[in-house]
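Protein chains: 2
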Amino acid sequence: MARGTTPTRAPGRPRSSVDAEVFAATLSTVHELGYTRATVDRIAAAAGVAKTTIYRRWPSKGALITACLVDAFGPLPLKEGDSRAEIMATAIRYAAAKIGEPGIAAAFAGVFTDAIGDPGLREILSTQLQDPYRTVLQDALDEPEHRVLFFIDVVIGTLLHRMGMTGEPMVPTDVDALVEMILRELG
Amino acid sequence: MARGTTPTRAPGRPRSSVDAEVFAATLSTVHELGYTRATVDRIAAAAGVAKTTIYRRWPSKGALITACLVDAFGPLPLKEGDSRAEIMATAIRYAAAKIGEPGIAAAFAGVFTDAIGDPGLREILSTQLQDPYRTVLQDALDEPEHRVLFFIDVVIGTLLHRMGMTGEPMVPTDVDALVEMILRELG
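As given, the protein sequences belong to chains B and W, one line each in that order. Counting in my numbering, the first sequence runs from 280 upward without gaps. Counting in my numbering, the second sequence runs from 280 upward without gaps.
Because the hints were derived from the structure by calculation, they are not lab data. There could be a bad hint or two in this list.
Chain copies aren't distinguished; within one or between two, either way the pair holds.
[What the hints assert, rightly or not] Okay, derived cross-link-like pairs now, SDA-like style, lysine to any residue, Cα gap no bigger than 20 angstroms in a straight line:
{"no.": "1", "residue 1": "Lys340", "residue 2": "Gly446"}
{"no.": "2", "residue 1": "Lys377", "residue 2": "Val319"}
{"no.": "3", "residue 1": "Lys377", "residue 2": "Gln409"}
{"no.": "4", "residue 1": "Lys377", "residue 2": "Asp410"}
{"no.": "5", "residue 1": "Lys377", "residue 2": "Arg316"}
{"no.": "6", "residue 1": "Lys340", "residue 2": "Leu312"}
{"no.": "7", "residue 1": "Lys377", "residue 2": "Pro354"}
{"no.": "8", "residue 1": "Lys330", "residue 2": "Lys340"}
{"no.": "9", "residue 1": "Lys340", "residue 2": "Arg316"}
{"no.": "10", "residue 1": "Lys330", "residue 2": "Leu420"}
Take the sequences, apply the hints, and build the full model.
In structure tokens form, the structure reads like this:
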């Protein structure tokens, strides 16, 4: 799209299709080059779109990466009638599988790195990425907000630390240990 | 110091003093500018040393940040005669306090971000930062390596995730919950 066009969409190219292309390009670029070198310029080139197309949708690299993570994680695969323990175990195993996908852990660690000094990005991360899971889990587990936030810190933090230290997803026996520890804590 | 000098030390300026200045400058620069913008150039300027002085000691920014974290964390304050539970509780509370100090979480998250795509840096992180604690804890807790690595993932990962999401250290009641959960897991 040309620079300076209005934010209406070009015919035949609905927003969702551009988003999907940009998200795929974002993850592959972060996976290949690392978060720091995965600039919006490079991501736009990999997606075959203009940089302005990206900035029209997401005001910063951090906002783009967060949106990409929201899209990649998607809704928790919870089933009607699951017990609290089943819900929690499903959520942990789902998070472990997602964090092992190419580019996800690098994008996550990178956006945290930027967020530590950027309150606006923390707000985006918290409201757009964490809150949807937090509210679903508060409701499904019948737990207060501070307990669900604690569980999210433990699960996501543990999985990301393992990826950061080893470059590999957590092995299944350790994911089992994490599930058991959290289920004991859930009570 | 001039470019191209041999790595012997200038008289009156022992290595430990330069290291201390560089480490202090590293943390304050990372705290102020964030990991990405805290380049070796800026860190050298803040420390009042030549960039070559830094590269003579640490071959890369990741190696410098890791050495800085090793220095900042220091030895665990374990006491003779502590029980396994006391040792673990001390280690967790010590980690929580350290990760709350200015620049530490930002440096940690940043080095992970770089390490995810850099096997050499992961090796440095693992051997220089993690292994000293791992071996002390394996011995003090009489636990196998994989269990101690799991505990480290949970404790450090949880504390860093909280810092990344909120920009604040974990509140004392949540650190208590973390200690209790881990002590139950330790058995």
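Hints, one by one, checked against the model:
{"no.": "1", "hint": "Lys340 x Gly446", "verdict": "between (23 angstroms within a copy, 19 angstroms between copies)"}
{"no.": "2", "hint": "Lys377 x Val319", "verdict": "neither (23 angstroms within a copy, 34 angstroms between copies)"}
{"no.": "3", "hint": "Lys377 x Gln409", "verdict": "within (15 angstroms within a copy, 25 angstroms between copies)"}
{"no.": "4", "hint": "Lys377 x Asp410", "verdict": "within (18 angstroms within a copy, 28 angstroms between copies)"}
{"no.": "5", "hint": "Lys377 x Arg316", "verdict": "neither (22 angstroms within a copy, 29 angstroms between copies)"}
{"no.": "6", "hint": "Lys340 x Leu312", "verdict": "both (15 angstroms within a copy, 17 angstroms between copies)"}
{"no.": "7", "hint": "Lys377 x Pro354", "verdict": "within (12 angstroms within a copy, 35 angstroms between copies)"}
{"no.": "8", "hint": "Lys330 x Lys340", "verdict": "within (11 angstroms within a copy, 30 angstroms between copies)"}
{"no.": "9", "hint": "Lys340 x Arg316", "verdict": "both (12 angstroms within a copy, 15 angstroms between copies)"}
{"no.": "10", "hint": "Lys330 x Leu420", "verdict": "neither (42 angstroms within a copy, 53 angstroms between copies)"}
When held up to the earlier numbered hints, the structure conflicts with 2, 5, 10 and fits the remainder.
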